[in-house]
Every structure is written in C-alpha cells, then in structure tokens.
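Trainee: Residue numbers (this note's numbering), protein chains in the order written: chain A, 1 to 382; chain Y, 1 to 382; chain V, 1 to 382; chain S, 1 to 382.
Just so you know, not all the hints are guaranteed correct.
Stated by the list, open to error - Calculated lysine-lysine pairs in the DSSO-like style (CA-CA distance at most 30 angstroms, straight line):
(1) S:Lys102 / S:Lys55
(2) Y:Lys289 / V:Lys63
(3) A:Lys63 / S:Lys55
(4) A:Lys55 / S:Lys55
(5) Y:Lys102 / Y:Lys55
(6) S:Lys102 / S:Lys63
(7) Y:Lys63 / V:Lys63
(8) Y:Lys289 / S:Lys289
(9) V:Lys55 / Y:Lys63
(10) V:Lys102 / Y:Lys55
(11) Y:Lys102 / Y:Lys63
(12) A:Lys289 / Y:Lys289
(13) A:Lys63 / S:Lys63
(14) S:Lys289 / A:Lys289
(15) S:Lys289 / V:Lys289
(16) V:Lys63 / V:Lys102
(17) A:Lys63 / A:Lys102
(18) A:Lys289 / V:Lys289
(19) A:Lys102 / A:Lys55
(20) V:Lys102 / V:Lys55
Note that these hints are calculated values from the structure, not bench results.
There are 4 protein chains.
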Amino acid sequence: MNRPSRPEIGIGLIGSGFMGRSHALAYRSVAGLFDLPVVPRRVLLADMDSATAEKAARALDFKRSTDDWQALVDDPAIGLVDITAPNRLHAPIAFAAFNAGKPVYCEKPLAPDAGQAGAMADAADAAGVTTMVGFNYLKNPIMALAREIISGGEIGEPVSFRGIHAEDYMADPAAPHSWRTDAASGGGALADLGSHIVALARFLMGPIDSVQGRMRTVTQNRPIAAGAAETSPVTVDDHTIALASFASGAQGTLEASWLAAGRTMQLAFEITGTRGSIVFTQERMNELKLHVADQRRGRRGFTTITAGPDHEPYGAFCPAPGHQLGFNDMKTIEVRDLMTALGNGAAAWPDFREAWRIQCVIDAIAASSATGAWTSVGADGA
Amino acid sequence: MNRPSRPEIGIGLIGSGFMGRSHALAYRSVAGLFDLPVVPRRVLLADMDSATAEKAARALDFKRSTDDWQALVDDPAIGLVDITAPNRLHAPIAFAAFNAGKPVYCEKPLAPDAGQAGAMADAADAAGVTTMVGFNYLKNPIMALAREIISGGEIGEPVSFRGIHAEDYMADPAAPHSWRTDAASGGGALADLGSHIVALARFLMGPIDSVQGRMRTVTQNRPIAAGAAETSPVTVDDHTIALASFASGAQGTLEASWLAAGRTMQLAFEITGTRGSIVFTQERMNELKLHVADQRRGRRGFTTITAGPDHEPYGAFCPAPGHQLGFNDMKTIEVRDLMTALGNGAAAWPDFREAWRIQCVIDAIAASSATGAWTSVGADGA
Amino acid sequence: MNRPSRPEIGIGLIGSGFMGRSHALAYRSVAGLFDLPVVPRRVLLADMDSATAEKAARALDFKRSTDDWQALVDDPAIGLVDITAPNRLHAPIAFAAFNAGKPVYCEKPLAPDAGQAGAMADAADAAGVTTMVGFNYLKNPIMALAREIISGGEIGEPVSFRGIHAEDYMADPAAPHSWRTDAASGGGALADLGSHIVALARFLMGPIDSVQGRMRTVTQNRPIAAGAAETSPVTVDDHTIALASFASGAQGTLEASWLAAGRTMQLAFEITGTRGSIVFTQERMNELKLHVADQRRGRRGFTTITAGPDHEPYGAFCPAPGHQLGFNDMKTIEVRDLMTALGNGAAAWPDFREAWRIQCVIDAIAASSATGAWTSVGADGA
Amino acid sequence: MNRPSRPEIGIGLIGSGFMGRSHALAYRSVAGLFDLPVVPRRVLLADMDSATAEKAARALDFKRSTDDWQALVDDPAIGLVDITAPNRLHAPIAFAAFNAGKPVYCEKPLAPDAGQAGAMADAADAAGVTTMVGFNYLKNPIMALAREIISGGEIGEPVSFRGIHAEDYMADPAAPHSWRTDAASGGGALADLGSHIVALARFLMGPIDSVQGRMRTVTQNRPIAAGAAETSPVTVDDHTIALASFASGAQGTLEASWLAAGRTMQLAFEITGTRGSIVFTQERMNELKLHVADQRRGRRGFTTITAGPDHEPYGAFCPAPGHQLGFNDMKTIEVRDLMTALGNGAAAWPDFREAWRIQCVIDAIAASSATGAWTSVGADGA
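Throw the hints in and build the complete structure from the sequences for me.
Mentor: Now the structure itself:
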C-alpha cells in the first residue's frame, strides 16, 4: 500500500512511574484517534538505572532505554523531551533540553517555586521552543464546554468561584514520607493537588490578583518509609484553604487536601455568574450542570449536560454521546494538543509560562499563610 | 371524656410574614406530634397595624390581635413572646419581654451586631428566662445524626469544614431594596444566610477562634422599591467568603451568597475527619452521606443515609423511614424543643447566648473584610 | 374580634394507626395553610376498644371517643366518615355511611377486590355523596407538574411508562404475619404498594387496557406473630411485575416489592414521550427531571426542577422555592382537596370510582399471573 | 536492546465503522496496558470497497487493506478474524473463518435469530476455535464487582432484576432507515440494545427460563434515507418490554428502547437479593451502589462504590482510585480477555455459545410478543 508519510517526532521519555506510563499510553493511542500533523514515535526511555529503564522501555514499547537523561536529551533521534522524572530533576532536564533547542513536555508541578518556574519559562522563551505542562484535567471536553459557556456570556459575568481538589491518598497517618512530603520537590497538598484547582480557576475565571491562604499539617510526623517505626516531621501541608480575588472582580475559595477520607477525585468547582451557574466535579467527569436564569417559570433548574460529540474532541473517541471518556483519555487529548502545536510550530497550552503563573498563585497562598495577610500574586497579570 | 389537663402557654406572636406564619403552623402542628409538658395556645398576634394584625390573626387562628407589641408583651395571657417582627424591633421587644419576666422566642438574626446581641443575651440571663433563636436548620434530625457521628468519633477528629449557604433570591439586579439590604437591620447575605452556616459550623465543629473574610457587593445599586426606576446604593454584601480557624485546630471555609443563580437552598457542608467524612446539603435535607475509613477493601464509598425513625424525632412525624420531612417540620421540632424547655424550666437551644456567639463570628468576618487581617472572634470561647 | 364564621364539618375518624394519625395531623394543619370553604373539626374518634380510642382521641385532639364505629357513623355531629380502620372494615363502614347520607374519606386499598370496590363506588354514586381515597402521593405538587407537562404536550405523546413501588419493610423473613399478609384484607405487595404505582400510572398516562403480570411469594412462611417460633404459609405476593398496555397505545412495566432491601420509598417512574422524558422518584419527592427534545446542541440534558411556589400548592406551605415539602404535607393537600370538594359540593379526586378502576388493574394483574395470559382490565375505560 | 519475543497474532479486521474503529483502538492500546501472552498485530483491514478499506487501514494503522473479506480470511498472515461488518455478513464470514480453522471475534448481534446463532456456535465448536462476541459492557470492572458481590452471597439470594437499555438515537421520527431498522440484519431496539441488558441479566442472575414480552413500533414509517421525503414502513421494534423468569426462581423486567428522549446510555439494573441490593447505570459506569441488610441501625443506606485498583483490571489503566475508565477502556479489556484466551488456548467469554443463548432470549421475547403467551427460552439451560 502506498502510504503517505506523516512526519514523526522521536519521543524521549524520562521517568516511568504513574505519569510516565500515562504518557506512554497516550503516545500509543493518540495517532489512532486524531489526524496529527506530527506523530509521536516512542524512541528512548530513561530511568534512574539501566534495569528499570530497560524493563520500562519493554513494557511501554520504547525502542531503546538509558539510565542517562543527559544522553537522552542529546540523542539526535529525540525531538521531544518528556519529563515525568522526580520534581527536583524538572529544571536541570528542561534547561538541558532548551540548550539543545528541543521542546519539552513536563509533568506538574513544574518547579518547587515560582522563581524557578519563571526561570524555566524564561529559558523556554529564549530557546524559542514549544513547552507544555501536564495539567491534564484542563483537557476534559467538559472543561472546554465550561469555558465556552462562560466566554459566551451564557451565565453572565462570573462573580464567584468555589473550587477544591481533595483526595485521600495521604489520609492514613501511616502513609510514609516520599517526594510528596518533600517541600524541596514541590511537595504538599497545595502543590500537588491545589495546583490543579488553581489551573482550573485561571482557565475559567482568568487571572487571580491576590490571595489569603492558610496551610495546615495535620499529621505532623510520618514514617520515614512504608512500614518503618521511625518517623520524621512533615514539613508540607496536608490541607490548605484560601480566599482568592480575581482580576475580573470576582472572588472565591480554593481548597486542597490529601486527607479527605472517602474522596478519590474531588476536583470540583461551582461558578456563579450574574445570569447563571455551572457546577462540576471530576468525580463525574463527563457531566456539567448548567443553570441559566432566563428559564421558563416552573421549569427552572440545573440541566445535567453529558459529554458527547458536540463537545470537541469527544467525537474522536466515540461517535455516540453519553458513552463517556476516562482518565487516560484526557492525557491523550493533552498529547494531541502538544503534537498539534509541534506540527504547526505554535505554542502549546498550558505552557511553562502558564505553569509559572499557576505557581505564582501557589507561592502567594503559601506566603499569605505565613504572614496572615492578603498577598498579591505578582506574575504578569495574564 | 375526662381529659387530663396539660399546662398551656399563651403565645404572643409579633409579625405575620414568612416566619410569623411558619411559627403559627408549628404551634398548630406540634401538639399533635409530641407529648409536650406545656402546650402552646395561640392567643394574641401583633402586627404593624390593626387591619394587618386582624387579618393575620384570623388566618393563623390566633384568638386576638393588636397593633401594639408593648400591649402584647404586657398582656397577662401571654406566656411567651415570639418575635418575627422586622429585625430592628428585636431588641426593644426582647428587652420589654425580659422586663416583664417573660421568655422570648426570636427569629434570626437576633441583632444587627454582636454588641446588641450580647446585651440581649445578658438581659436574658439577668431576667432568668428561657430564650430561643430560630436557627431552624439545626433541628433537622439529620443534623442531630451528623453531630452524633462526630461526637462519637465515627469520623475521627474533624479537620476540615467546607460550608456554604447560597440562594438566589437577590440574584436579579432588579430585586429592590428591603430590610434585607438594610445594614442597620442586620441585612446582607452574610447576616441573612451566612448566619445559618456559621450556626451549623459551631454546632458540628465547636467554637471558631478567628476568621478572615471578604465581602462583596456585586449589585451596587438597586431600585428603591419593586419596579421603581429610582435606585439607591446597596450597602450590604451580596457574596461573602471566609476562612475559619476552629478552637479544635480544624480549619475551613464559609460562604454566603444570595446571588447564586439556580440555588434555592444550598445550605451545605463537607466535614472531613481523620477517619472519615460526612457530606450534607439541605437541598436533600433527608440525606446524609457518610464515609468511614475502615471499610472493607473493594467496598469503600460514601453511604447515603436516609432519615427515618432511627433519627429522633423523625418517628414522631412518620413511623416509616425514607418518607421524608419537609421545611415546616424543622420549625415544628424547634417549637417542640422550646416547649420542652419551657415545661422543664430548662435552657433552650440555640438561645440568645448562642445567637450572640454566632453574631460574633459574623462581625469578625465583616471586620476582617474591612481590615484584610485575620480577626479574633472574641465571644467567650464556648 | 369579629370573626367571620366559616362552616365546619365534624370529622369522625375510625382508626388511629399510622394513617389515622396522619389524617389527624392533616386536619390539624390544613386550616392554617389554606383558606377552605369548610373547616374540619376533630369531633369523634373510634377504635377497636374504648381505652385505645380514648387514648388516641386525647393524643390526636378529638373531642370524644368511642369503640363503636356504627355509633360514629350515626352521630349527628359527624359530617365526614374517615376510615383508616383495618381493610376488612372499609366496606361495612362505607355502606353504613352511605346509608346515613354521609361523605366518606377512606384509606387505600379501598377493598380486597374490584368487585367489592365497584359495589362501594356504586353505593357512593347512589347515595350522591363525596368520596375520596387516600392515594396521597398523587397530591405531591411535583406530580401535578408532571401531569401538566404531559397534558401540555411538552414531552410529546407519551410512549412508555416504567414504574415501581419498592420498599423493604417485609424484607426480613422474620417479619411476621399481619393484615398485610392477609389476602382477604387486600394484603400483599401488589395491593399495598403496587396500587400506588398503578394510581400514578393512571394519573399520568390514562387508562390501562390490559396487563400481564407475575406474582411471587419469596418468603413462603412467616412467624404467626412477632418473635413467634410458629410459622404459617404466606398467601400473598412479596414481589410482582407486570407489563401494561395503555389505552393511548403506550406500554410499560409496573413493579411492586416489599422485599427491596435498602429501599424505603422507591415510588418511581420514568415516562418517555415522542419529544421528551420525565423521571421521578419519591425518594427525592421535591424533584422532577425533565428532558425536552428541542434543546440547543451541546446543552442537552435532563433539568432537575425543584418544587417551589410555581408548583401549586407548594406556596401555601412556604413562599421560598427549594425549601421542600415532606410526607405529611401531601396528606394535608389531600385533606385540602377533600374539604374543597365538600365545601363546593363537588366530586373529590381520587374518589371511590377511581379506586375501583385502580383495583381493576390490580385484579387483572393477579388474574394474569394465575393464567399466564394477557388480561383485559375491564373497568369502564375511563 | 535485547527484547524477549512475545508471540504476535495477525489481526484481520472486517469493517471500519464505529465498532471497527473501536476494535482498532483497543488493539493499539491493549499491549501497553497488559502483559499479554499474545500481542495483536494490525495486519489487514477489509471493507466494502478498496478506497474505503485503504483509507481506513491508514487511519487505523493496519499494514494492508482489501475489499475482499474472503481473501482476508484466507490470508496466512491473519490469525484472528475480527468481524465488525454489517450483521448480514456475520455468518458467512464466521463460517469461512471456521473452515480456515481461525478464531473469530465478532460484534453483536451475532445473528438475526437464534437458529443462525446456534449454527454459528455449533460450527465454532466443530472447528475447535476460540470465539468472542463484543458485549463490551460486561467488561466494565464494576460489572465484575457486581458479579463477585452476588456470587459471594453479599446480597443473599437474588430475587429480582430490573433491567433496561434505553438510548435515544432513533427518537427523531426523521431518523432514516438503516441496517438498524432491517429485521433481516438483526435490527430493532430489542436486538440492538436489549441484547446488552439480556447479556447483563444472564451474567449476573444466571439463565432465563421463560419470558413474556411486548414489542412496539412507535414510528411506523421512516425516510428511506437521511433527508429523503419518501418513507417506508418500519418492521422492527422501537420499544420492547418483557417479564423474565430466571432458572434460580428470581423474576424481573427487561426493557429496550431507542426512543428514550434524553437517554444516551441508560444501560441500567437494580438487583434485589434476600439480604441486600445493588444498583447500577452505565451512565455512571464507574459507580456501583450497594446495600447490605446487616448495617448498623441509624447508619443504613446504599454505599456508592467507585471503581479503583481493587477492582481488576482497573489498576492496569490507572493506579489511583476514582480516576475513572471510559467507554473505550471496556473494549480494551475485552481484547485483553480475547488475547489471553488465544494465548492460553482457552475459551473466551462471552463466546458464540453465550451469544446464542442471549439470542434465544431475544427470540423468545419476540415470539411471546407475537403470541401473547409466556414462552420458554429453550437454549441449553446454561
């Protein structure tokens, strides 16, 4: 068969944990779903040692493996550096990739603080390469619908945002220390989960001007490893709450918890506008509740909209409405967006600059918790 | 038939609006449902003019009517002064009742500020009479269940509270000024609705130490009357958000809005503890969701408990579970509690003192909004 | 005060169990809520013995008591005979009342079979008195809304009905025999619960022409009394399913179960029409889900309508939407309707004739279960 | 890198519509998720003409294409014949594959009637090859959980099943004729949707002995093509209801509709057992509601279990609970099961024999609708 050649891009994946595997699945699926300008080719996988890397490469169908991320970055077959390594490696790898003039796809949190995130965003700008950060919940078609509803004025001018991301994976006091509890790695409930709700808040409501937060460490000591008797102090937050003032004049609350017993995916918001409201929880990720104020008397209420082909790009996954997307599908859409940007030489979204802006909000919440005062977010107002 | 005489108490009801009527219905219903130590007798209804009072007395089945609340307070047939009059009259009527040595049942908000509320509570103490304030949502049997679950340690130690009371009765910018928008009357979303979620927070989580709030007036001018072209500035809040720090160490968010398009009764909370969680919304007032951490693997989740005879005093209304109570039934339980207290010469709950404590939280939220700083609640720490 | 005299009607209540008490509560509440043409006066309560009757009269605030229902019927002070006595007494009491020319209010099931129900309806017609049967779920304002939606063509022509009434009060095999398990008393899940869903089906969909049912007794022996070791066979159904063909051409399923573990009030239906659908469960009695076909692309879904003042007579209970009615409120609306009919000399609804039609459906289901064949409902086609 | 060779099986896919594409996606994804004994290799795609086939092969990443399904069956590179062609081709292709000694993966409905389905199952047995039919909803991990709950006796002995599959893709009377409305192709709501709920009923409740159904064609004429003015009669059902008697003694209702306005994926059931209940709808495919009878007083209710790694094979998709699978993931699990069976030389499930049993139920419902009598399912009682 005479097959038209589509350009390919060699993927260099660093890390093979939850997110590394999730990226690999997305690379595998994406070309079957979308007509991409450039197709990902799983070339090289790096992990901390050769055995891990080799095993992962085999499992995730990468052609080669290495224990040397610098070698991966330098490899001429690699066109995209994909960072799912531990957070402390995000910056050095990204800088190396920019030095090599290569685009970067990085998991969140981009950096442990806004200073480093900003430096990374500056370096990306200087290198003139495409970047993307894995805030995958933004890629849910229902989220695009929410944004369309807001930007189209369907609920009037948004006046309030009530957001939370709560899960319970650290609810057990016996859950041990890990990178998650390492502040230098960007650990803590606010950084790990709060960044998702901040990302959503910005996506839907626009810039956040200032915040007033309160962080708390409920479990003050944790085992140094799973099952260990020895414990050491926890220096990151378990539960953080914040007030937020948006540039638009709207205001709202933000909350992050990894102690929320019984919650496994409560990434949720309620947005009220002057003429309607929308309500969402990722727990039912294919549904959006919409109320508009001009309904007929006696027939008013929230309408539960279910994702379908009317909500792009759901139709690429399934031609029938209501059949539902899952978690991995959002990551596949994220990779679709990245491949599209790479193919068109355009900016991807959310890029390092946006991740920096998100981190500025996180940092401001942390700072305000320390001082007890409202704190300006800084960033660039975008 | 030889009927045993049960003591009766003569009710003097002041006001016949939404709440006045609701009280009258509760007086009518309560004796049929509960075996009370003292039975309310609808004797005298006062309203602002004779015609209104007479008409209301007829509709609500009070024996007599008057346009003079002082006469009502002084009437020897009156054993309980029930205040559902405009907020600015709460204090003068209550003081008069205390002077007359009579117990008082008053709608919320008790007073426009904590200073006045405290003075009223002090006067009640000095008079040694029973008082009760109409925070009727506390009387839902599901709320007693929630408190029992918490106090029994079923969800461990509570660590977070996420509370809101949002409705939409002022969402329309054409909704005119009224006592609701009069700060001197205790108006505003925080006072009108926020007081309910503060009351619930205190009921379930204990004292609030300090708060940091933000109040906003979204609709800055409203018609001076329904349909009027002339407008005047709004001096109360439409939407208020706050962080709260509890004496227990827990923390949480509080929110009040009367602009929440599509919401008609979102008095809701989520409480997370170290070993479980509960979730409630008054929108489904007969249900409580409970998660406890020690569930069997693969069978974990939130259980939706439906109110039934196991949840006192549901059984007085209906012997069959799941058949559901309604809004008016909560007011009836409130009156049951008040009659029981009066009959037993005991304190009722929530009394003027509790209403003062709630108002202290409201005032602290307002003060913190003005200063931008965390503000101690003051009160008495109870 | 010069009070206008409203006509009163003396109530003679026979029976003081769950339903007797529910009626008494409704008599007590109704006049405070509605401006009635005739007001119920609780005069005389009859029960099986003097002590029970006297105690109940006191508790339910009836003036007098008796152990002789015939005396009650004959009492000149009694203007309405209210039958909540055991089912086997429905017919004799009703006939006596008709002989005395008095209107009758009777709990369902009216009679153990359609023959007797028809005779009772004929007698009512002959006597020319008002009758009403206590299918109280029809009185939910949400049900009137459902009917209005259908009759207004909002969902097009109804094509399917999927109805169930399931509870679990007999799920425990140790639940003993009672009138509920006595076929001669109109016992069984179909008669006790199925009659409610048949009543709803008729109310919303019109006449049922023919049915094909299947009845099953799952627990074949039950203790003869609570805690008794001795058991005897159960001769009524625990669980019945049926297909139904409506006169309109629509078709649907009907189900009744008192074994449905975890269900306490699953009186539920889904109606699909050619242009929309409605979905309801009494478990959330203040909500109706409505879908209409002509919604905007990308915004389609079911709207959850919450009961409010737009849905008559909700506003009589509460001026604020979403605040919710409860189980007892439906009985109060039923009594409102009865008083209105009595005051206006009009027919009440559902009357004995309607109860007969419902019973004809029940009987046809039972007959079809015995023969295995589709069975015509008979009745009068109305 | 030294990569261990895993056996591959060459896939010959016939058809490239909704299901063909869904299969192709599953082949692509499955090897990245599971450690399979044999790995699918997308070799040859057949469609009705060369151009369609070639375009589809390119889009779905098959190496070659053809317009000749017989050539595909005969191709030595093809180890699995995958039939997603129009229903009328299922039998000839399957027989050809069996002649060639090749396993077959076929979409449902397997055949337009049980006679042909049985002949196909017999031929598969005679050929001794593995078969599988695409009842993908059975592959939801939540369904395995439901079966485990039942088989482990957690809800006692099942006594009732209330099942439905309703969607609305033919609700519009202007929806034209297609294979869906062609009875000879196995069209109609019962065959297309009802087969899924029958499959679920059998999976969870065991064999169905006899049925009594009623089929109705609501829209009696449809355009002969999209937008055509000319119409022709519809000879298949739009809406079918049935009673079912299970071999276990349980009974229940089955319903299929493609006219259910507003429903896009209501594949739903409620199962009541003697000691508990489960409730499911594919509309929320990651949730199962479970009630067990021995809960603590005052804490009873349905628990909403959310799919997670405790529910195999969810964990292969995502290590975190509550993050949710989607529609395509079920098809991937189906292919996992097929590859596992092929690799182990074992029977897959549901195979042609099971599809025949499902078809026997469908046929019996149709026959009973015609005769009005209860009809034995026949089949083999398994």
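Trainee: Each hint should be assessed against the structure and marked as holding or not.
Mentor: Hint-by-hint comparison with the structure:
Between the alpha carbons of Lys102 of chain S and Lys55 of chain S the distance comes to roughly 26 angstroms, so the proposed pair stays at or under 30 angstroms and holds. Annotation: proposed proximity of Lys289 of chain Y to Lys63 of chain V is violated, straight-line Cα distance about 44 angstroms (limit 30 angstroms). Note on Lys63 of chain A and Lys55 of chain S: the hinted pairing holds, with a Cα-Cα distance of about 28 angstroms set against a maximum of 30 angstroms. A distance of roughly 36 angstroms separates the Cα atoms of Lys55 of chain A and Lys55 of chain S; the hinted pair therefore is violated under the 30 angstroms criterion.
As the CA atoms of Lys102 of chain Y and Lys55 of chain Y are separated by approximately 26 angstroms, the hinted pair is consistent with the 30 angstroms bound. The hinted pair formed by Lys102 of chain S and Lys63 of chain S meets the criterion: a straight-line CA distance of about 20 angstroms does not exceed 30 angstroms. Distance check on the hinted pair: Lys63 of chain Y and Lys63 of chain V sit about 20 angstroms apart at the alpha-carbon level, within 30 angstroms; holds. Between Lys289 of chain Y and Lys289 of chain S the CA atoms are separated by roughly 13 angstroms; this keeps the pair inside 30 angstroms, and the hint holds.
For the hint linking Lys55 of chain V to Lys63 of chain Y, the alpha-carbon distance of about 28 angstroms falls within 30 angstroms, and the restraint holds. At roughly 33 angstroms between alpha-carbon atoms, Lys102 of chain V and Lys55 of chain Y are farther apart than 30 angstroms, so this suggested pair is violated. For the proposed pair Lys102 of chain Y and Lys63 of chain Y, the alpha carbon gap of about 20 angstroms is at most 30 angstroms, so the pair holds. Of the supplied pair hints, the one linking Lys289 of chain A and Lys289 of chain Y holds, its CA atoms being roughly 20 angstroms apart against a limit of 30 angstroms.
The straight-line distance between the Cα atoms of Lys63 of chain A and Lys63 of chain S is roughly 20 angstroms, inside the 30 angstroms bound, and the hint therefore holds. Restraint check for Lys289 of chain S and Lys289 of chain A: the C-alpha separation of about 22 angstroms stays at or below 30 angstroms, so the hint holds. With a C-alpha separation of about 20 angstroms, the suggested pair Lys289 of chain S and Lys289 of chain V falls inside the 30 angstroms cut-off, and the hint holds. For the hint linking Lys63 of chain V to Lys102 of chain V, the alpha-carbon distance of about 20 angstroms falls within 30 angstroms, and the restraint holds.
The suggested pairing of Lys63 of chain A with Lys102 of chain A holds, with an alpha-carbon distance near 20 angstroms, which does not exceed 30 angstroms. With a CA separation close to 13 angstroms, the supplied pair Lys289 of chain A and Lys289 of chain V stays within the 30 angstroms bound. A distance of roughly 26 angstroms separates the Cα atoms of Lys102 of chain A and Lys55 of chain A; the hinted pair therefore holds under the 30 angstroms criterion. This hinted pair checks out: Lys102 of chain V and Lys55 of chain V have alpha carbons roughly 26 angstroms apart, not beyond 30 angstroms.
Of the numbered hints listed earlier, those contradicted by the structure are 2, 4 and 10.
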